[in-house]
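Required output: the full structure, derived from the provided sequences and hints.
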Amino acid sequence: MIKQLAAFLMLFMPTMLIAQNASVNGYITDKSSGETLISANVALLENNRGTSTNTLGYFSLTNLEPGTYTIAGSYIGFKLFRKTITLSADETLRLDIELEPNVVSTDEIVVTSDRVKEEQKDIGTAEINTELIKSLPKVFEADVFRSIQLLPGVKAASDFSSGLYIRGGSPDQTLILLDRNTVYNPSHFFGFFSTFNPDAIKDVRLYKGGYPAEYGGRLGSVLTIYNKDGNRNETEGTATLGMLASRISIEGPYKKGSWMFSARRSTLEPVLAALRSTSDNIPSSFYFLDFNGKVNFDASKNDKLSLAFYSGQDKVNFPFSDDAEFKLNYGNRTLSTNWTHIFSNKLFSNFVLTGSQYFNYPEVELGGTPIERRNNIYDYSVKADLEYLPNEKHELAIGIWAGTLTIRLNDRFDDEPSFSSRSHSKYGSVYLSDTWRPSDKWKIVSGIRTSYLSDGDYFRLEPRVSLEYKANDRIRLQTAYGRYNQYLTLITNEAFSGFDVWLTADDGVKPSFGDQFIVGAKTIPFLGYGLDIEFYYRTMNDMFELDPFLQDVSGLDYPELFRIGNGDAYGAELFFEKRVGDLTGFIGYTFAYTWKKFDEYNNDIGNPDGSGRRYPPKYDRRNDVNLVLSYQLSKRWKSTLSFNYATGQAYTQVLGRYTVSNTPWSNADFNTFTVGKINASRLPAYHRMDVSFARSGTFFGMGEAEWQFQIINVYSRRNIWFYNFDFDENPVSRSAVPLLPLLPTISYTVNF
Amino acid sequence: MRHLTLALLVFSVLLISCELYPQDEYEEFYVVENYLTALDELSNLYLSTTAPANIEYSFEDFAVRNASVQVNLLSEGVGSSIEDEFPYEMNEPGVYSPLVAHRTLPNRTYQLTISNIPGDIEASIEAYTTVPDTFSTVSQVQDTVIYQSENQIEIDITPSENSERQSYFVFTTISQNPSIENLTPLYADFFEDEEGDIKEFAKTSSGIVNEANFEQTPNGSIRLKYPWLAVAFFEDNKIVANIIDDNIYDFLRSQSVQLGGSTLSPGEIPNALYRIEGGIGVFGSLAADTIQTYIKRPE
Chain A
1 MIKQLAAFLM LFMPTMLIAQ NASVNGYITD KSSGETLISA NVALLENNRG TSTNTLGYFS
61 LTNLEPGTYT IAGSYIGFKL FRKTITLSAD ETLRLDIELE PNVVSTDEIV VTSDRVKEEQ
121 KDIGTAEINT ELIKSLPKVF EADVFRSIQL LPGVKAASDF SSGLYIRGGS PDQTLILLDR
181 NTVYNPSHFF GFFSTFNPDA IKDVRLYKGG YPAEYGGRLG SVLTIYNKDG NRNETEGTAT
241 LGMLASRISI EGPYKKGSWM FSARRSTLEP VLAALRSTSD NIPSSFYFLD FNGKVNFDAS
301 KNDKLSLAFY SGQDKVNFPF SDDAEFKLNY GNRTLSTNWT HIFSNKLFSN FVLTGSQYFN
361 YPEVELGGTP IERRNNIYDY SVKADLEYLP NEKHELAIGI WAGTLTIRLN DRFDDEPSFS
421 SRSHSKYGSV YLSDTWRPSD KWKIVSGIRT SYLSDGDYFR LEPRVSLEYK ANDRIRLQTA
481 YGRYNQYLTL ITNEAFSGFD VWLTADDGVK PSFGDQFIVG AKTIPFLGYG LDIEFYYRTM
541 NDMFELDPFL QDVSGLDYPE LFRIGNGDAY GAELFFEKRV GDLTGFIGYT FAYTWKKFDE
601 YNNDIGNPDG SGRRYPPKYD RRNDVNLVLS YQLSKRWKST LSFNYATGQA YTQVLGRYTV
661 SNTPWSNADF NTFTVGKINA SRLPAYHRMD VSFARSGTFF GMGEAEWQFQ IINVYSRRNI
721 WFYNFDFDEN PVSRSAVPLL PLLPTISYTV NF
Chain B
1 MRHLTLALLV FSVLLISCEL YPQDEYEEFY VVENYLTALD ELSNLYLSTT APANIEYSFE
61 DFAVRNASVQ VNLLSEGVGS SIEDEFPYEM NEPGVYSPLV AHRTLPNRTY QLTISNIPGD
121 IEASIEAYTT VPDTFSTVSQ VQDTVIYQSE NQIEIDITPS ENSERQSYFV FTTISQNPSI
181 ENLTPLYADF FEDEEGDIKE FAKTSSGIVN EANFEQTPNG SIRLKYPWLA VAFFEDNKIV
241 ANIIDDNIYD FLRSQSVQLG GSTLSPGEIP NALYRIEGGI GVFGSLAADT IQTYIKRPE
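Protein chains in written order, with my numbering: chain A, 1 to 752; chain B, 1 to 299.
Among the clues, some could well be false.
In silico contact screen, one side only, chain B against chain A (beta carbon under 10 Å); selected entries [unchecked claim]:
1. Glu33
2. Met90
3. Ser205
4. Ala288
5. Gln292
Derived DSS-like pairs (lysine-lysine); straight-line CA-CA distance at most 30 Å [stated by the list, open to error]:
6. Lys225(B) with Lys327(A)
7. Lys83(A) with Lys443(A)
8. Lys83(A) with Lys255(A)
9. Lys327(A) with Lys203(B)
10. Lys327(A) with Lys296(B)
In case anyone wonders, no lab produced these hints; they're calculated from the structure.
Bear in mind that the values here come from a model prediction, so they are computed numbers and not experimental data.
Yeah, the Cβ is synthetic: ideal placement off N, Cα and C, and Gly gets one too.
In C-alpha cells:
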C-alpha cells in the first residue's frame, strides 16, 4: 500500500527544481480578428522549450533561466511569429502574441506548420478546419457533423442522418460540448443537419477515443466546439443565401472586448407552397432556426469574462389526412458564462456556469384522438479547471464539474396521462491529470477521474493514461488506455431524431462502462504530408437501451424499460494528408468491426430466452474510404471533391414467412417473417462522389463574395438505405429504399 | 514504416478472410395458430409450415395434414398432471377442430401437443397457455354516442385477477354495418378501394394497451375510455376488451417491430418471440367482454 501511494505521488507530484524562475506567458491571437487560437504552438528556439495554447488560447513557459531568447509562435495558416526577448531573474514577462494570417506559402512556413500540426495531434484526436467545413460539397447546407463523418473512424448511418457513429459507438456515446456546454440533440431537420452554424464556429475538435481525464460521461468520444469570440479589431459580417437555409453572422469590437451574433433560418416556405399546389401530404408549415451569440469582456489583463448562448428550434405541422395531423416542436437552448483568471505565471484557471435545455413536443391528432409528449431536459452545472505548471517537465490539471440534471417525460393518450417520469439527478466529477515530459522524446499524460450520479448512488473511478515517444522528427509513437462510464442513454431512431429522449441510470439500471486501448503513430513521410495510423480496441459493458419490443411502457418498473447488453469494437485507421500547395486534401481509411449483444435478443428461433448472440449493428462497415481533395483552379475558382466508398451496411435477410390470420381480435393478417441471425447480410457497397466549385468575387464592390455550385452524388449512384417489403404482393415483394439521388445545389455568400 | 504498413495489411487480410458471422440458410418451421377464449368453446387450430420468403404463399399450400393434435387441461400449472384431454381432428387441410365441446376455463393452464406428423414422425410440438381471468362490464354503456363528441365511450370493467403482472389489453371494434359510406373520415382517407380493405376495417384492433393507462374507480373497477381513433365505421359497433396472455403479448409486441416503428434501425429484423417448443406461431389465450353501441355522425 505504501509503495502504491509512493508511486501515485511520484506520478502526480511535481519534481521540485531550483533557481530557474523567469517565465513568459500570454495569449496567442489572430492579428486580423483578435480571436484566440487554440493549440497554437509557442517555443523558445535557444533551449528547445515549447508548449501549445490551451482551449482559451493561453500559454505559459515557466522556470526559465534568465537570458535572451528568440520566442516563436506559429499556427496553421498563419505566418511564423518571432521576437527576441530578454528575461531577467524572477521576471514574469506577459507577451500576448498576434499571428498574422498567411497569404503566401514559404518553405519556412511549411516546415514550421508541419511541426506545429504534429504537436497538436494527440492520440485519438482530430481537428476539423472550419474553412474545410464551408468548402466541402454540402447537401444544401454546410454542416459540421457531415464534415466530421469524412474522418477515419467516424461513420454515418445514412445520407439522411448527421449522427456520429464513432469507433463502434452510437451517437449517444459522444459527448458534444458547445462552449463547454452539453448539447443533447444537436440536430435540425430531424437529424439531417447538425445544429451548429459554420459561420459562428471557431474551433472543432474530435476526441475519437482515449480522451483525457478532463472529459467524461460518455463511453466513446468527445466533440468540443467553440464559437467565435468576435472580431476585436473591426466590425464585419457574412451572409449566405442557400437553397434550404440562409444565414447571417456579424461580429465586432467594443471598448472592453468583442461580440458575435449569428442567425440561421430555413427558407423552405416557397418550396412547400409550390409543392402543396401540386401534391397532397406536404407539411402546412416547417422551419428551423438557430441563433448563436457571444459577448467577451476583458476585465483586466488577467481576467476575461464571456457570455455565450445558443438557441435552436425545429417546428413542423403536417396534416397527413383529412382527420389526422402531426406536429413537432423540438430544440435546444444553451447559456454559458466563462471567467478566465490568471493567478500567476504558473497557475491558470477557468470557471464556467452552464445551462442547457432540450425540449421535444411531438403531437399527433388521429381521428379525434390526441397523442402528445412533453419531454424536457434541464442541465445546470458549474465547472472549474485549474492548470498548474510547477516546472518545465510537468503540467498539472485539476477540475470539477457538478450539476443537476432534470429529465421530464410526460405522455398523454386521448387527453389522459399514459406515462409520466421525472428524474432529478445530481452529478459530479473531479479529475486530476499530469502531463509529464521526462525528456524531449517522451510525453506521459496520466490522470484519474471520479464521477458520481445521485440516481442509484453510483460512484465510479476512471483511470486514463497516454504515452508518446518521439522516435525522430518525423515519427511519434503513441498509445493510450482509459476507463469510461456513461450514465445516460438515448432513445432514438436512426431515421428520425426529432423524438429523441434521454434517460439516466438509476436503481436497478447500472451505468455503462468500457475500456479503450489505442496504439498508433503520427508520421511525416514527406515535407507537407502527414500519415497517421491508429489501432483501437474498446469494450462497451452494461449498455442500457430501451427494449425495442415494448409497445406500451405504462405501469412498468424503471428497470423493465431497458434491455442490457455488451459490445466491443476494434479496427484500424489510416489517414494520409497533403497540406500544402494548390492541391490539398486527405484520404482516410477505416477497417473496423463492431459487435453488440443483448440478453434474449438474436437467439435461435426456438430459444427465445437464450442469452443472445452477438451481432453487428447496422452502421457496422468493414471498410470505409474517404477522399477529399481541394484544388485552386485559378485565383477566383476553387474546386473541392469528396468521395466515399464503404462496405454495405449490415441488414437482416428475411428467410421465411407465414401469416397469422385467424385472431379473435382482428381481421388483419399478421404477416410474419422468420430470419436467421440478425444483420448477417450486407447491403451493396456504398459509394458517392460530390463536387463543389467556388467562385470568389466582390458584391458590387462592397465586399468579398462567393458563389458555390455543388453536385451531390455526381454519377447518381442509387445507394440503398434499407429494404422495404410489400405483403400486398404474393410472393412478397422487396424494394430498395434509396439514399440521396443526384442533387445540384447553389449558394451565395457575401462578406461585409 | 514499411513494416508497419505490411503488418496492417496482413492483419486486415486475416480478418477479412475469416467469416465471423455467416448468413443462415432458410429453415422450415411448423407454425401453430390457436386461441383459447375464457368461457368460450375451444376453437379451430391451424397447423402449417413456413414458406421461403421469396415464393408465393397461401396457407393451403403449406398446411400440415393429418397430424395428431390434442389440447389438455392440466390439473395445476405447467408440469402438472393432465385433468382432461381434448383431441382434435383435421376437417380441412391444416385446420383442426376439437372433437368434443369444452368451454375454456379461466385461470387454468392448457397444454397443446402435436405429434405423428406424416413424413416427420419424430417431430413433436408442445406449448402451454394459462387463460386470463374473466372480467365483466359493470357500467351502463350509452346506447348512442356522437362521433368525436365530448362524451366518449367509457366502460367500467371489473379487474382481472393476475397476481404476477398488470393486465395487457387489446381492444377490438367490430362494425355491424361495414360499408364505404359508413367509414369515419380517418379510415375513409386510408381506404384504397382494394379487395379486403372493408373486411379488414370491419374488425380492427388496437395495439397492446397496459392496464396502468386506465383510471381505477373508487369501487375498484377499471375505467376504459375508448378512443375515437379505434372507430372505423359509424352506426352499430361492438367493442370488445380483450385481456391477453403472455404468449399473445410476446407475439404481438415482437411481430409488430419486424417492419419498423421501434428503436431498431431500418432493416434490422428480429424473429418474433415464440413460446412453442418444436415450432413457432401462437398458442395463446384471452378473456374478453363485449358491449354494443351506436355511433352517430356529428351534425
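Quick rundown of the hints versus the structure:
no.	hint	verdict
1	Glu33	holds (5 Å)
2	Met90	violated (15 Å)
3	Ser205	holds (4 Å)
4	Ala288	holds (7 Å)
5	Gln292	violated (16 Å)
6	Lys225(B) with Lys327(A)	holds (24 Å)
7	Lys83(A) with Lys443(A)	holds (27 Å)
8	Lys83(A) with Lys255(A)	holds (28 Å)
9	Lys327(A) with Lys203(B)	holds (29 Å)
10	Lys327(A) with Lys296(B)	holds (29 Å)
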